[in-house]
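Given only the sequences and the hints, what does the whole structure look like? Please build it.
Now for the letters of each chain:
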Amino acid sequence: MRRPVAPWGLLATVTLVALALTACASGSGSGAPSGTADVTVAPPASFAPTTVRLLTHDSFAVSDDVLADLAARTGVTVQVVTAGDAGELVNRAVLTAGNPEGDVLFGLDTTLLSRAVDAEVFAPYRPAALAEVSPKLREIDTDDAVVPVDYGDVCVNRDDRWFADRGLVPPATLEQLADPRYRDLLVVENPATSSPGLAFLLATVARYGEEGWTGYWERLRANGVRVVNGWTEAYTGEFSGGGGRGTRPLVVSYASSPPAEIVFAADPKPSAPSTSVLTDGCYRQVEFAGVLRGTDRPEAARAVVDWLLSEPFQADVALSMFVFPARDGTALPEVFTRFAAVPPEPLALAPEVVAENRDRWVEAWTEVVLR
Amino acid sequence: MTTPSDAALRVDAVSVAFGTRRVLDRVSLTVGPGEVVCLLGPSGSGKSTLLQVVAGLREPDSGTVWWAGADLAGVPAHRRRFGLVFQDPLLFPHLDVVGNVGYGLRAAGRPGAEVGTRVAGLLELVDLPGFGRRRVATLSGGEAQRVALARALAPDPRLLLLDEPFGALDRDLRDRLAVDVRALLHRLGTPAVHVTHDLAEAQLVGDRVVRLADLGAAGGFDPTGRGSVP
Amino acid sequence: MGAAPLRAWVLAIVPVGVLLAFLAWPVAVLLAHSLSGRSVEVLQQPSVWRVVGFTLGQALLSTLLTLAVALPGTFVLHRYAFPGRRALLAVATVPFVLPTVVVGLAFRALLPPSWVGTLGVILLAHVFFNYAVVVRVVGGLWAHLDPRYEQVARALGATPWRAFRTVTWPLLRPAVAAAAALVLLFTFTSFGVVLVLGGPTTVTLEVEIYRRTAQLLDLSGAAGLALLQLGALGVVLLVSARLQARVAVAQRLRTDPAETTVRPRRPGQLVLLGGVLASIGVLLVAPMVALVYRSVRVGDGFGLAWWRALADVDAGTTGFSAPLAALRVSLGYAAVATVVAVVVGGLAACAVAYARHGASLLDAGLTLPLGTSAVTVGFGLLLAYGRPPLDLRGSWGMVPLAHALVAVPLVLRTVLPVARSVDPRLRQVAATLGAAPLRTWATVDLPQLARALGVGAGFAFAVSLGEFGATAFLARADSPTLPVQVVRLLGRPGEQSLGTAMALATVLMVVTALAVLVTERLRAGRPGQL
Numbered sequence: 013m014r015r016p017v018a019p020w021g022l023l024a025t026v027t028l029v030a031l032a033l034t035a036c037a038s039g040s041g042s043g044a045p046s047g048t049a050d051v052t053v054a055p056p057a058s059f060a061p062t063t064v065r066l067l068t069h070d071s072f073a074v075s076d077d078v079l080a081d082l083a084a085r086t087g088v089t090v091q092v093v094t095a096g097d098a099g100e101l102v103n104r105a106v107l108t109a110g111n112p113e114g115d116v117l118f119g120l121d122t123t124l125l126s127r128a129v130d131a132e133v134f135a136p137y138r139p140a141a142l143a144e145v146s147p148k149l150r151e152i153d154t155d156d157a158v159v160p161v162d163y164g165d166v167c168v169n170r171d172d173r174w175f176a177d178r179g180l181v182p183p184a185t186l187e188q189l190a191d192p193r194y195r196d197l198l199v200v201e202n203p204a205t206s207s208p209g210l211a212f213l214l215a216t217v218a219r220y221g222e223e224g225w226t227g228y229w230e231r232l233r234a235n236g237v238r239v240v241n242g243w244t245e246a247y248t249g250e251f252s253g254g255g256g257r258g259t260r261p262l263v264v265s266y267a268s269s270p271p272a273e274i275v276f277a278a279d280p281k282p283s284a285p286s287t288s289v290l291t292d293g294c295y296r297q298v299e300f301a302g303v304l305r306g307t308d309r310p311e312a313a314r315a316v317v318d319w320l321l322s323e324p325f326q327a328d329v330a331l332s333m334f335v336f337p338a339r340d341g342t343a344l345p346e347v348f349t350r351f352a353a354v355p356p357e358p359l360a361l362a363p364e365v366v367a368e369n370r371d372r373w374v375e376a377w378t379e380v381v382l383r
Numbered sequence: 006m007t008t009p010s011d012a013a014l015r016v017d018a019v020s021v022a023f024g025t026r027r028v029l030d031r032v033s034l035t036v037g038p039g040e041v042v043c044l045l046g047p048s049g050s051g052k053s054t055l056l057q058v059v060a061g062l063r064e065p066d067s068g069t070v071w072w073a074g075a076d077l078a079g080v081p082a083h084r085r086r087f088g089l090v091f092q093d094p095l096l097f098p099h100l101d102v103v104g105n106v107g108y109g110l111r112a113a114g115r116p117g118a119e120v121g122t123r124v125a126g127l128l129e130l131v132d133l134p135g136f137g138r139r140r141v142a143t144l145s146g147g148e149a150q151r152v153a154l155a156r157a158l159a160p161d162p163r164l165l166l167l168d169e170p171f172g173a174l175d176r177d178l179r180d181r182l183a184v185d186v187r188a189l190l191h192r193l194g195t196p197a198v199h200v201t202h203d204l205a206e207a208q209l210v211g212d213r214v215v216r217l218a219d220l221g222a223a224g225g226f227d228p229t230g231r232g233s234v235p
Numbered sequence: 002m003g004a005a006p007l008r009a010w011v012l013a014i015v016p017v018g019v020l021l022a023f024l025a026w027p028v029a030v031l032l033a034h035s036l037s038g039r040s041v042e043v044l045q046q047p048s049v050w051r052v053v054g055f056t057l058g059q060a061l062l063s064t065l066l067t068l069a070v071a072l073p074g075t076f077v078l079h080r081y082a083f084p085g086r087r088a089l090l091a092v093a094t095v096p097f098v099l100p101t102v103v104v105g106l107a108f109r110a111l112l113p114p115s116w117v118g119t120l121g122v123i124l125l126a127h128v129f130f131n132y133a134v135v136v137r138v139v140g141g142l143w144a145h146l147d148p149r150y151e152q153v154a155r156a157l158g159a160t161p162w163r164a165f166r167t168v169t170w171p172l173l174r175p176a177v178a179a180a181a182a183l184v185l186l187f188t189f190t191s192f193g194v195v196l197v198l199g200g201p202t203t204v205t206l207e208v209e210i211y212r213r214t215a216q217l218l219d220l221s222g223a224a225g226l227a228l229l230q231l232g233a234l235g236v237v238l239l240v241s242a243r244l245q246a247r248v249a250v251a252q253r254l255r256t257d258p259a260e261t262t263v264r265p266r267r268p269g270q271l272v273l274l275g276g277v278l279a280s281i282g283v284l285l286v287a288p289m290v291a292l293v294y295r296s297v298r299v300g301d302g303f304g305l306a307w308w309r310a311l312a313d314v315d316a317g318t319t320g321f322s323a324p325l326a327a328l329r330v331s332l333g334y335a336a337v338a339t340v341v342a343v344v345v346g347g348l349a350a351c352a353v354a355y356a357r358h359g360a361s362l363l364d365a366g367l368t369l370p371l372g373t374s375a376v377t378v379g380f381g382l383l384l385a386y387g388r389p390p391l392d393l394r395g396s397w398g399m400v401p402l403a404h405a406l407v408a409v410p411l412v413l414r415t416v417l418p419v420a421r422s423v424d425p426r427l428r429q430v431a432a433t434l435g436a437a438p439l440r441t442w443a444t445v446d447l448p449q450l451a452r453a454l455g456v457g458a459g460f461a462f463a464v465s466l467g468e469f470g471a472t473a474f475l476a477r478a479d480s481p482t483l484p485v486q487v488v489r490l491l492g493r494p495g496e497q498s499l500g501t502a503m504a505l506a507t508v509l510m511v512v513t514a515l516a517v518l519v520t521e522r523l524r525a526g527r528p529g530q531l
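Just so you know, the protein sequences line up as chains R, B and G, in that order. Position in the first sequence (from 1) plus 12 gives the number in the working numbering. Position in the second sequence (from 1) plus 5 gives the number in the working numbering. Position in the third sequence (from 1) plus 1 gives the number in the working numbering.
The reader is advised that the hints may include incorrect statements.
Stated by the list, open to error - In silico negatives: residues of chain G with every beta carbon more than 10 Å from chain B: (1) 29; (2) 81; (3) 158; (4) 393.
What the hints assert, rightly or not - If you want the footprint, here are the derived chain R segments under chain G, 3+ residues with CB under 8 Å: (5) 70-77; (6) 94-106; (7) 212-226; (8) 341-355.
As the list claims (entries may be wrong) - Computed from the model, here is a short list of chain G residues facing chain B with C-beta under 7 Å: (9) 69; (10) 70; (11) 150; (12) 152; (13) 155; (14) 157; (15) 159; (16) 160; (17) 163; (18) 168; (19) 171; (20) 357.
Don't read these hints as lab results, they were simulated from the structure. Only a predicted model underlies this, so the values are computations on that prediction, with no experimental measurement involved. Beta carbons are placed, not taken as given, at the ideal position from N, Cα and C, and that holds for glycine.
In structure tokens form, the structure reads like this:
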């Protein structure tokens with residue numbers, strides 16, 4: 013009989029190989045800090061060194077030095093906890109209301125605001141810096157539970173080169189998207205599964221009203237609109253502009269997508285993006301943050317909310333998350349001032365109206381567009 | 006005994022290599038009608054490979070296998086009607102004893118009643134009457150090997166290839182089975198190639214005992230392919 | 002089953018404990034929290050039953066199609082000796098771990114636009130993803146099958162086809178049944194493929210559960226659907242476990258590849274080899290090549306800009322780490338998840354194989370993690386382990402644990418057919434030689450299982466590398482894994498985002514293929530025969 017061979021040897025070998033690979037990987041790695049956001053600098057100010065868990069969605073990003081600035085000024089270290097996409101984030105927070113996974117939540121948007129506030133996810137806090145926030149954003153009723161941090165507009169993007177090549181004038185209004193001249197050119201996201209998709213649906217409701225919006229979608233459908241389930245499939249898979257190699261020159265995306273096209277372009281960077289924004293019929297999404305009820309370090313959590321409204325963070329959001337800062341007078345990077353569209357009259361619906369009707373609208377939309 | 010022309014089986018200068026290793030180097034061998042040839046050689050000497058070539062389960066790199074004067078190249082294993090018994094009984098574990106012994110008969114499309122009768126007869130022949138419905142996992146080593154033998158004999162093979170058929174059994178059982186098999190083969194008149202590494206067993210079973218080493222190029226030129234052990 | 006195997010219940014303690022603690026309990030807590038009249042109401046909606054019908058229909062079609070395409074491939078990859086066989090085996094495993102978003106883009110790039118959103122493209126993508134499941138699970142047994150069974154049959158006058166049908170197939174059936182059950186499970190619970198490549202009208206139960214849980218917070222409705230899905234899968238799994246137990250056959254296995262492979266020579270063999278190579282090329286390799294192609298496509302030309310961006314912090318999505326940092330994170334998680342999955346899955350396989358009673362139940366139970374939505378388990382974990390002293394939220398261990406949960410059923414499936422095939426007489430022999438049960442197990446069973454455990458380990462490692470659903474839910478923002486990083490890059494405009502995502506997806510493919518190759522080598526160099 014052969015010597016007994018236990019699989020533990022095998023296991024150990026596998027583990028060793030994995031570890032060796034890991035070591036190689038770190039050797040050939042980026043030279044970046046070792047994958048952690050914990051930036052500790054000697055605390056001169058208010059608190060003993062404290063860690064605050066910032067619960068947010070998976071699109072959250074912030075520059076290193078902005079984090080360092082917080083630690084330097086307050087002794088608070090931020091640990092970022094992602095909780096899936098914006099929808100998952102809010103629902104996790106609702107589910108754990110009172111016994112939160114983190115101390116501060118960032119990334120609640122207008123369509124989900126009511127649900128979170130009604131579930132008493134937040135401990136009210138009104139930071140002094142709220143006064144600096146643009147009055148339009150302050151108008152949104154949040155019961156002081158949360159504060160607006162940034163905003164962005166969901167708009168139709170156009171592949172200008174495509175239209176120029178064909179000598180076709182690109183559409184300029186929501187209404188024109190249903191024009192037979194632009195037949196089979198538009199791709200939108202499914203509002204049941206995509207946040208920009210939902211925003212665009214809300215834009216049409218805001219524009220055409222409860223009576224008219226299904227009629228508009230019937231016309232879009234007759235005009236060959238294509239529906240896909242997510243932003244990536246739409247923008248990267250179907251859209252002819254940008255980095256993608258699709259076939260449709262009109263897509264529902266963001267007002268900040270053209271500057272992102274420049275920032276994330278191949279070198280040498282082009283002087284101007286080849287895509288532009290249709291500024292009619294944009295839907296405004298505002299992102300909020302708040303202190304989670306039940307946190308065991310409310311003071312430090314409030315300091316983090318203050319930090320989210322502070323000048324360094326506000327100045328950082330444009331290039332790290334491609335949204336607009338909520339704070340009035342925040343300087344925008346040049347690529348934003350030149351190429352990001354600011355729609356003159358963005359559409360919006362009150363959060364409670366959205367909360368009340370959202371499911372019904374999505375079902376009606378599904379009936380009209382997909383069946 | 007036999008001359009090459011009236012031989013039943015003739016293996017002519019067969020070579021097989023596994024990668025760079027030459028397992029068989031121009032091996033030749035003849036077996037006469039009704040003759041039981043014992044092929045002797047240490048393990049790893051290519052005996053099993055030779056049987057596989059004869060059975061049509063492996064194509065030789067070069068050389069020819071003849072049966073009754075006809076070249077067997079291109080004749081697939083299932084048309085050669087050569088029975089094969091390995092050292093392990095290799096009974097099909099998902100079938101019972103009847104299923105195993107009757108396998109070749111059903112493959113040949115014989116009607117069920119005939120299969121039943123013939124299987125019962127074969128089980129008598131190998132001294133296992135009434136074992137038909139036994140599960141193969143419940144058989145002893147000797148019983149399993151007898152069933153394997155009955156299975157190989159069932160389709161009435163023209164030639165029987167036995168690859169160390171008793172190698173896994175104890176001495177006592179091996180000797181008894183060897184005597185039984187010899188008697189059986191002679192009764193049926195089926196020619197056989199019996200591979201073993203045990204000289205005593207070879208002498209007990211075989212009409213003629215040859216060493217594999219003497220059959221190939223290394224063993225010198227032997228036009229009759231009949232190198233033999235005195 | 003014969004003399005004194007290690008008692009099944011002893012082996013089952015750890016797997017059952019893990020199952021109860023990290024699957025059953027969280028799901029139960031979530032259900033208790035959410036079940037209401039609405040849960041039943043949901044089940045009365047005709048639209049829900051349309052979803053159920055579609056889910057089941059596409060799952061059955063996908064399973065049949067995958068078996069039809071992958072079984073010949075399994076045979077060729079395990080029984081024919083030809084140059085590059087091992088590499089091809091590794092390549093065939095890669096699709097299984099690719100994030101669906103990435104694969105969706107590759108398919109979009111290759112297929113006519115009018116195909117996207119159809120049932121056909123979903124079926125194709127399911128074949129792409131599950132090819133490896135069949136190759137691994139069935140191949141694990143096929144590679145061991147003694148070729149002499151078929152030789153005996155051929156010598157008895159059976160044509161090659163008849164020999165396959167009456168001898169090889171019955172011996173292989175347990176593994177085929179296991180693979181079919183897995184593919185059925187994967188496609189029944191298909192989520193990413195359906196979202197990314199399906200149209201808005203092709204909705205599976207899993208998608209609907211996700212939408213209700215994560216987007217609508219209709220937990221009651223989702224609970225009703227989750228129970229329906231678990232019930233349906235429980236029945237499927239129980240039936241399949243019974244079936245597998247019934248067709249299981251104790252047989253002696255061969256472990257030396259030299260004995261079990263042949264060099265294809267005859268015209269028929271060459272045609273089969275060619276057909277399999279072609280199908281692998283078209284179905285599996287072409288989409289992967291499309292990804293690599295995109296990673297070097299810069300502007301209107303070609304270049305390595307996106308590959309350089311992998312090490313560039315500014316190209317990352319976190320603000321402080323380069324995209325490639327995800328590699329180290331993924332490897333670390335995968336190492337831990339592999340160890341856990343192999344230990345738990347290996348123990349479970351033996352427990353199921355030796356159990357006199359309750360084997361089907363244990364088998365089905367341990368496979369359920371595959372049939373439970375990541376989001377259901379995730380929300381359940383939040384509720385079940387959200388309070389001190391057991392506040393596991395945010396703990397790094399949750400990610401490899403979730404990966405291991407997904408990998409355990411795969412390890413179990415890979416090892417079980419072999420564990421069942423261990424000849425009980427060998428154990429009896431060991432026992433009569435004075436070996437205590439534990440020693441018998443270690444000296445008789447384990448050596449024979451070593452190869453299958455090796456395959457399982459490679460499988461688990463690959464699964465962990467590629468897992469997305471649970472990781473996206475549990476991973477910390479500052480340490481994304483490879484697939485999470487790829488998906489985040491793809492959620493951003495700009496050519497660099499796409500190109501870097503594709504380069505990183507290529508890294509993921511290469512690392513996966515290497516991991517599989519390494520375990521294959523280990524496996525080959527470690528004979529497990531007595």
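Going down the list of hints, with the structure as the test:
1. For residue 29/G, the non-interface assignment is confirmed: its Cβ lies about 41 Å from the closest Cβ of chain B, beyond the 10 Å cut-off.
2. For residue 81/G, the requirement that its beta carbon stay farther than 10 Å from each beta carbon of chain B is met, with the minimum near 14 Å.
3. Its beta-carbon lying about 4 Å from the closest one in chain B, residue 158/G breaks the requirement of being farther than 10 Å from that chain.
4. Here residue 393/G stays apart from chain B, with its beta-carbon at least about 47 Å from theirs, past the 10 Å limit.
5. Here the region 70-77 of chain R counts 7 residues with a CB under 8 Å from a CB of chain G, which clears the bar of 3, and the coverage holds.
6. Three residues within the 8 Å Cβ limit are the bar, and the region 94-106 of chain R against chain G gives 10, so the coverage statement holds.
7. Proximity of the region 212-226 of chain R to chain G, defined as three or more residues with a beta carbon under 8 Å from a beta carbon of that chain, is not established by the 0 residues found.
8. For the region 341-355 of chain R, the assignment as covered by chain G is violated, since 0 residues bring a beta-carbon within under 8 Å of that chain's beta-carbons and 3 are needed.
9. Violation of the interface hint for residue 69/G is found here, the shortest Cβ-Cβ separation to chain B being roughly 23 Å, above the 7 Å cut-off.
10. The criterion of a C-beta within 7 Å of any C-beta in chain B is not met by residue 70/G, whose closest approach is roughly 26 Å, and the hint is violated.
11. Against a cut-off of 7 Å between C-beta atoms, the interface hint on residue 150/G holds, since the closest Cβ of chain B lies about 6 Å away.
12. This hint holds: residue 152/G has a C-beta 5 Å from the nearest C-beta of chain B, less than the 7 Å allowed.
13. The interface hint given for residue 155/G holds, since its Cβ lies 4 Å from the closest Cβ of chain B, which is under the 7 Å cut-off.
14. At about 3 Å, the closest approach between the beta carbon of residue 157/G and any beta carbon in chain B falls short of 7 Å, and the interface hint on this residue holds.
15. Using the Cβ-Cβ criterion of 7 Å, the hint placing residue 159/G at the interface with chain B is satisfied: the shortest such distance is roughly 4 Å.
16. The interface hint given for residue 160/G is met, as the beta carbon of that residue sits about 5 Å from the closest beta carbon of chain B, less than 7 Å.
17. Interface restraint check: residue 163/G against chain B, minimum CB-CB distance 6 Å, threshold 7 Å, status holds.
18. A cut of 7 Å between beta carbons decides the hint on residue 168/G: the least distance to chain B is about 6 Å, and the hint holds.
19. Interface restraint check for residue 171/G: the shortest CB-CB distance to chain B comes to about 4 Å, inside 7 Å, so the restraint holds.
20. For residue 357/G, the interface hint is violated, since its Cβ never comes within 7 Å of a Cβ in chain B; the closest pair sits about 17 Å apart.
Of the numbered hints given earlier, the model fails hints 3, 7, 8, 9, 10, 20; all others are met.
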